[in-house]
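Based on the hints, put chain R in the right spot on chain W.
From first to last, the protein sequence lines stand for chains W and R.
Numbering-wise, the first sequence is residues 493 to 798 according to the working numbering.
Numbering-wise, the second sequence is residues 862 to 1025 according to the working numbering.
Hints are not guaranteed to be accurate.
[To be verified] Restraint ranges, calculated between C-beta atoms of paired labels, are given here:
{"hint": "1", "chain 1": "W", "residue 1": "Asp595", "chain 2": "R", "residue 2": "Val997", "range": "28 to 38 Å"}
{"hint": "2", "chain 1": "W", "residue 1": "Asn793", "chain 2": "R", "residue 2": "His934", "range": "43 to 53 Å"}
{"hint": "3", "chain 1": "W", "residue 1": "Leu707", "chain 2": "R", "residue 2": "Asn930", "range": "18 to 28 Å"}
[Claimed, not checked] Each computed PhoX-like pair below joins lysine-lysine, with the alpha-carbon atoms no more than 20 Å apart:
{"hint": "4", "chain 1": "W", "residue 1": "Lys652", "chain 2": "W", "residue 2": "Lys631"}
{"hint": "5", "chain 1": "W", "residue 1": "Lys591", "chain 2": "W", "residue 2": "Lys794"}
{"hint": "6", "chain 1": "W", "residue 1": "Lys652", "chain 2": "W", "residue 2": "Lys635"}
{"hint": "7", "chain 1": "W", "residue 1": "Lys640", "chain 2": "R", "residue 2": "Lys876"}
{"hint": "8", "chain 1": "W", "residue 1": "Lys613", "chain 2": "W", "residue 2": "Lys635"}
{"hint": "9", "chain 1": "R", "residue 1": "Lys888", "chain 2": "W", "residue 2": "Lys635"}
{"hint": "10", "chain 1": "W", "residue 1": "Lys618", "chain 2": "W", "residue 2": "Lys658"}
{"hint": "11", "chain 1": "W", "residue 1": "Lys591", "chain 2": "R", "residue 2": "Lys876"}
{"hint": "12", "chain 1": "W", "residue 1": "Lys658", "chain 2": "W", "residue 2": "Lys631"}
{"hint": "13", "chain 1": "W", "residue 1": "Lys591", "chain 2": "R", "residue 2": "Lys888"}
{"hint": "14", "chain 1": "R", "residue 1": "Lys1017", "chain 2": "W", "residue 2": "Lys591"}
{"hint": "15", "chain 1": "R", "residue 1": "Lys995", "chain 2": "W", "residue 2": "Lys516"}
{"hint": "16", "chain 1": "R", "residue 1": "Lys1017", "chain 2": "W", "residue 2": "Lys635"}
{"hint": "17", "chain 1": "R", "residue 1": "Lys876", "chain 2": "R", "residue 2": "Lys1017"}
{"hint": "18", "chain 1": "W", "residue 1": "Lys652", "chain 2": "W", "residue 2": "Lys613"}
{"hint": "19", "chain 1": "W", "residue 1": "Lys546", "chain 2": "W", "residue 2": "Lys534"}
{"hint": "20", "chain 1": "W", "residue 1": "Lys618", "chain 2": "W", "residue 2": "Lys652"}
{"hint": "21", "chain 1": "W", "residue 1": "Lys605", "chain 2": "W", "residue 2": "Lys635"}
{"hint": "22", "chain 1": "R", "residue 1": "Lys910", "chain 2": "W", "residue 2": "Lys516"}
{"hint": "23", "chain 1": "W", "residue 1": "Lys640", "chain 2": "W", "residue 2": "Lys600"}
{"hint": "24", "chain 1": "W", "residue 1": "Lys794", "chain 2": "W", "residue 2": "Lys735"}
{"hint": "25", "chain 1": "R", "residue 1": "Lys992", "chain 2": "R", "residue 2": "Lys888"}
{"hint": "26", "chain 1": "W", "residue 1": "Lys631", "chain 2": "W", "residue 2": "Lys613"}
{"hint": "27", "chain 1": "W", "residue 1": "Lys658", "chain 2": "W", "residue 2": "Lys613"}
Hints in this document: simulated from the structure, not taken from any laboratory.
For every residue, glycine included, the Cβ atom is placed at its ideal position computed from N, Cα and C.
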Amino acid sequence: MVQTIDKNLDSILAIGRLYDFSSKKRFHLIKNEFLNDGIGKKALEINQKIKNSKGIDIFEATSEIDLIEYENILNQYTSTETNIIIGNISLGHEYFLLKTQVDFSVDKLKTYKIAMNSFLKPLIKKNNLIVPDVVNACKSANKASFVKECGSIFVIKRIKVKTRNKLMLFHLTFDNPEQTIENNKIGMSKVGEDLENSPGLRIAMLFFFDENDYLSLVNNPIRLFIRALDLYAENLNIGTQLKKFYYHVLLPAHIRVDNLGEYLMNLQTSGLDDNNIKTVAMSTISEIQLKLKFIYAINFNKMLKN
Amino acid sequence: MKFENVSILYSVNTKVAHHINESYYGKHFVWCSPVFNTEKLDSLSMFKKIPPSSNPYTIYQRLKQDCSNGDLHSSLITQNKSGLKRGAIEMLSNAVIDNLDFARINKIIDSATIEQFYPLLYLIPKTAVEKRVKLVDVNSMANPLSVEYQIEDLIKSEFEIIEP
Chain W
493 MVQTIDKNLD SILAIGRLYD FSSKKRFHLI KNEFLNDGIG KKALEINQKI
543 KNSKGIDIFE ATSEIDLIEY ENILNQYTST ETNIIIGNIS LGHEYFLLKT
593 QVDFSVDKLK TYKIAMNSFL KPLIKKNNLI VPDVVNACKS ANKASFVKEC
643 GSIFVIKRIK VKTRNKLMLF HLTFDNPEQT IENNKIGMSK VGEDLENSPG
693 LRIAMLFFFD ENDYLSLVNN PIRLFIRALD LYAENLNIGT QLKKFYYHVL
743 LPAHIRVDNL GEYLMNLQTS GLDDNNIKTV AMSTISEIQL KLKFIYAINF
793 NKMLKN
Chain R
862 MKFENVSILY SVNTKVAHHI NESYYGKHFV WCSPVFNTEK LDSLSMFKKI
912 PPSSNPYTIY QRLKQDCSNG DLHSSLITQN KSGLKRGAIE MLSNAVIDNL
962 DFARINKIID SATIEQFYPL LYLIPKTAVE KRVKLVDVNS MANPLSVEYQ
1012 IEDLIKSEFE IIEP
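Here chain W stands alone, though its shape is the one from the complex (with noise of 0.2 Å):
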């Protein structure tokens, strides 16, 4: 669980003045003072612990090369120091999704055939939605990111439900694993383009956010998704491993989902349990043709409490 890193943020800053103090320094600028303030008192214990350890002194040093390292071990500072405040965090492969995203056409995704999993209607229902218009919702989005690797378009809409603005987010997969290979084709807008035989998007999974609580993820798609995940998935035990999403290559694999029982992992996307379908909803991306797997599992319950 997340903890406040308010209490602690001092410790935080005082790292940061440090790394200002030595980058000045580095870069021979004349004009570094150092700030005696409650922060900058927290920085002088902090140097004097790296003094006592390490033998270097921000103070003292003057070569490059003590700078350099100087600032490497407040790098491994900074890490240990945000594992305490934040907890170890596990980054799984959401860096694999952030840094292998593309942009999507917005324009292109509207010339799709989209489906929806049937599990995903109870949530619409109760956001007071119908089918068709989530669809239409899909097909008319603000924003999309295509990730090629795991063949996913993550989409955002803004919408109003009543008096309050919202964010849906689609997660999407291609009902034909083959399309997602023609990748350079993706996004790419065809003229005259016969819609009957356009390629077959699914919607795998939705998530639905107060627009005011993240303001700054509207142009985000990966961003927001990695937050839904954050919020609503049921940890993953693979192995040793404890995940709250799961990548994984070549290789069928048994899951245990939390309190929930051992599924195989190639499940394809369904509800869990015939008597509260609600209560997860597993989404699988399983591209043969990729001999790729993604999977999650999200807590229907936990989303709608919100």
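Just chain R now, with coordinates in the frame of chain W:
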């Protein structure tokens, strides 16, 4: 060459820096230079005083070589990491990012592979950013003849990237 006659600014950044700036801040803080390679300038050029450590060509070549050699202890890579961490602290203290994003950014920096430090060359048309280019205060520099520039809020549409 005078700054008025400059049409393009050059800046060398790493892939991971580009990724973090683009994904988390929506803008790029860059140091930039009006010439790509100061070594090729004549001795009377006002930009000849730009030190090698700020020369885009030198930075580009050194980063590329360090990455190709798999040099995890490269001083340039360490500097890049510390610059990114310092930037994240500033963004946190200015509430541009929250604590969770701060943690993620730190994780990204810590777990980035050496390939993520490959250099990217930014070509920045001066006309797009002219009013926001800051000349680093000459009074604050040890070498008052050196000329270096910063842009604090460069956005995606304002530059082109050349990859190695």
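Verification of the supplied hints:
About 33 Å separates the C-beta atoms of Asp595 (chain W) and Val997 (chain R), a value consistent with the hinted range of 28 to 38 Å. One distance hint, 43 to 53 Å for the beta-carbon pair Asn793 (chain W) and His934 (chain R), holds here, with the actual separation near 49 Å. In this structure the supplied range 18 to 28 Å is violated for Leu707 (chain W) paired with Asn930 (chain R), their Cβ-Cβ distance being about 43 Å. Between Lys652 (chain W) and Lys631 (chain W) the alpha-carbon distance is near 16 Å, which keeps this suggested pair within the 20 Å criterion.
The straight-line distance between the Cα atoms of Lys591 (chain W) and Lys794 (chain W) is roughly 29 Å, outside the 20 Å bound, and the hint therefore fails. For the hint linking Lys652 (chain W) to Lys635 (chain W), the alpha-carbon distance of about 16 Å falls within 20 Å, and the restraint holds. Under the criterion of a C-alpha separation no larger than 20 Å, the hint pairing Lys640 (chain W) with Lys876 (chain R) is consistent with the structure, at around 18 Å. Simply put, Lys613 (chain W) and Lys635 (chain W) have alpha-carbon atoms about 23 Å apart, too far for the 20 Å limit, and the pair is violated.
The suggested pairing of Lys888 (chain R) with Lys635 (chain W) holds, with an alpha-carbon distance near 18 Å, which does not exceed 20 Å. Of the pairs offered as hints, the one joining Lys618 (chain W) and Lys658 (chain W) holds, with about 14 Å between alpha carbons and a cut-off of 20 Å not exceeded. With a C-alpha separation of about 9 Å, the suggested pair Lys591 (chain W) and Lys876 (chain R) falls inside the 20 Å cut-off, and the hint holds. Simply put, Lys658 (chain W) and Lys631 (chain W) have alpha-carbon atoms about 16 Å apart, close enough for the 20 Å limit, and the pair holds.
Distance hint between Lys591 (chain W) and Lys888 (chain R) is fulfilled; the C-alpha atoms sit about 16 Å from each other, no more than 20 Å. Taken as a hint, the Lys1017 (chain R) and Lys591 (chain W) pair is honoured in the structure, with Cα atoms around 15 Å apart against an allowance of 20 Å. Restraint check for Lys995 (chain R) and Lys516 (chain W): satisfied, since their Cα atoms lie roughly 17 Å apart, inside the 20 Å limit. Proposed proximity of Lys1017 (chain R) and Lys635 (chain W) is supported: the alpha carbons are some 16 Å apart, at most 20 Å.
A threshold of 20 Å between alpha carbons decides the hint, and for Lys876 (chain R) with Lys1017 (chain R) the separation of about 14 Å falls inside it, so the pair holds. Restraint check for Lys652 (chain W) and Lys613 (chain W): the C-alpha separation of about 19 Å stays at or below 20 Å, so the hint holds. Restraint check: the Cα-Cα separation between Lys546 (chain W) and Lys534 (chain W) comes to about 18 Å, which is no more than 20 Å; the hinted pair holds. Pair hint Lys618 (chain W) plus Lys652 (chain W) holds up; C-alpha atoms about 15 Å apart against a cutoff of 20 Å.
Taking the CA atoms of Lys605 (chain W) and Lys635 (chain W), the gap is near 18 Å; set against the 20 Å cutoff, the hint holds. Between Lys910 (chain R) and Lys516 (chain W) the alpha-carbon distance is near 19 Å, which keeps this suggested pair within the 20 Å criterion. For the proposed pair Lys640 (chain W) and Lys600 (chain W), the alpha carbon gap of about 16 Å is at most 20 Å, so the pair holds. Taking the CA atoms of Lys794 (chain W) and Lys735 (chain W), the gap is near 18 Å; set against the 20 Å cutoff, the hint holds.
Distance hint between Lys992 (chain R) and Lys888 (chain R) is fulfilled; the C-alpha atoms sit about 16 Å from each other, no more than 20 Å. Note on Lys631 (chain W) and Lys613 (chain W): the hinted pairing holds, with a Cα-Cα distance of about 17 Å set against a maximum of 20 Å. About 18 Å separates the Cα atoms of Lys658 (chain W) and Lys613 (chain W), which keeps this hinted pair within 20 Å; it holds.
The earlier numbered hints that this structure contradicts are 3, 5, 8.
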